[in-house]
Amino acid sequence: AQKITQTQPGMFVQEKEAVTLDCTYDTSDPSYGLFWYKQPSSGEMIFLIYQGSYDQQNATEGRYSLNFQKARKSANLVISASQLGDSAMYFCAMRENSGNTPLVFGKGTRLSVIA
Amino acid sequence: GAGVSQTPSNKVTEKGKYVELRCDPISGHTALYWYRQSLGQGPEFLIYFQGTGAADDSGLPNDRFFAVRPEGSVSTLKIQRTERGDSAMYLCASSLWSQPDTQYFGPGTRLTVL
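Protein chains in written order, with this note's numbering: chain A, 1362 to 1476; chain B, 8 to 121.
No lab work stands behind these hints: they were computed from the structure. Heads up, some of the hints might be wrong.
Unchecked claim - Stretch by stretch, here's where chain B covers chain A in the computed footprint (C-beta under 8 Å, at least three residues):
hint : region
1    : 1371 to 1378
2    : 1414 to 1424
3    : 1429 to 1443
4    : 1448 to 1457
Unchecked claim - Here are some chain A residues pointing at chain B (derived, C-beta under 8 Å):
hint : residue
5    : 1405
6    : 1406
7    : 1463
8    : 1464
9    : 1466
What the hints assert, rightly or not - Here are a few chain B residues that sit away from chain A, every Cβ distance over 12 Å (derived from the structure):
hint : residue
10   : 20
11   : 34
12   : 51
13   : 75
14   : 80
15   : 88
16   : 117
17   : 121
Each residue gets a CB set at the ideal place from its N, CA and C atoms; glycine is no exception.
Chain A on its own, in the form it takes in the complex (with noise of 0.2 Å):
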């Protein structure tokens, strides 16, 4: 079964506008950690945000928030201000347990950013 699903293949924002991309999760592990990544056509993985499973508040860094909703199972990326540069694949990824585990990633959403 699939343990992250990202429903949207692709999504257009219009610059400056924000956007959200949706994930689902599922784990019967009380302790894991979800994680989105940027991955430009370059290739490489850009670590963006990361949500505990025991933290309160919803993450946020610079642009980048998370908004976790425990009891839907659900930990949408929400970018505010679109910009160009925003336009790559987002992996949304979990890591079950504590320590040192290895990720489970979804399939991607596909970002365009239009002008």
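The hints should help you fit chain B onto chain A, whose structure is shown.
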């Protein structure tokens, strides 16, 4: 400081050949991960090292795939008898043992098997 580096950036080989892909983690990072990313997919876990030992190799697809990290820093992913289905981007990531939530990725090696 220097990030994770991977060499070569591109590798084209013929079916049946042997290839080695190299990963240089960030200095001091004891945890090292290999992932494989096929076209249109997210990365999939292959193997994870803690120091010199493979802590989890459950993601290796078959016995043609093998990875080593003999001195606890540089790692080499080895693929024997390559098949066309092995064509993918191979990504390496590293993290500090004390900061597992931040895996730093390298630029990847794009492997093409003809």
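How the hints compare with the structure:
no.: 1; hint: 1371 to 1378; in the structure: violated (count 0)
no.: 2; hint: 1414 to 1424; in the structure: violated (count 0)
no.: 3; hint: 1429 to 1443; in the structure: violated (count 0)
no.: 4; hint: 1448 to 1457; in the structure: holds (count 3)
no.: 5; hint: 1405; in the structure: 5 Å, holds
no.: 6; hint: 1406; in the structure: 4 Å, holds
no.: 7; hint: 1463; in the structure: 4 Å, holds
no.: 8; hint: 1464; in the structure: 7 Å, holds
no.: 9; hint: 1466; in the structure: 3 Å, holds
no.: 10; hint: 20; in the structure: 19 Å, holds
no.: 11; hint: 34; in the structure: 17 Å, holds
no.: 12; hint: 51; in the structure: 7 Å, violated
no.: 13; hint: 75; in the structure: 18 Å, holds
no.: 14; hint: 80; in the structure: 16 Å, holds
no.: 15; hint: 88; in the structure: 25 Å, holds
no.: 16; hint: 117; in the structure: 7 Å, violated
no.: 17; hint: 121; in the structure: 20 Å, holds
Of the hints listed earlier, those the structure fails to meet are numbers 1, 2, 3, 12, 16, in rising order.
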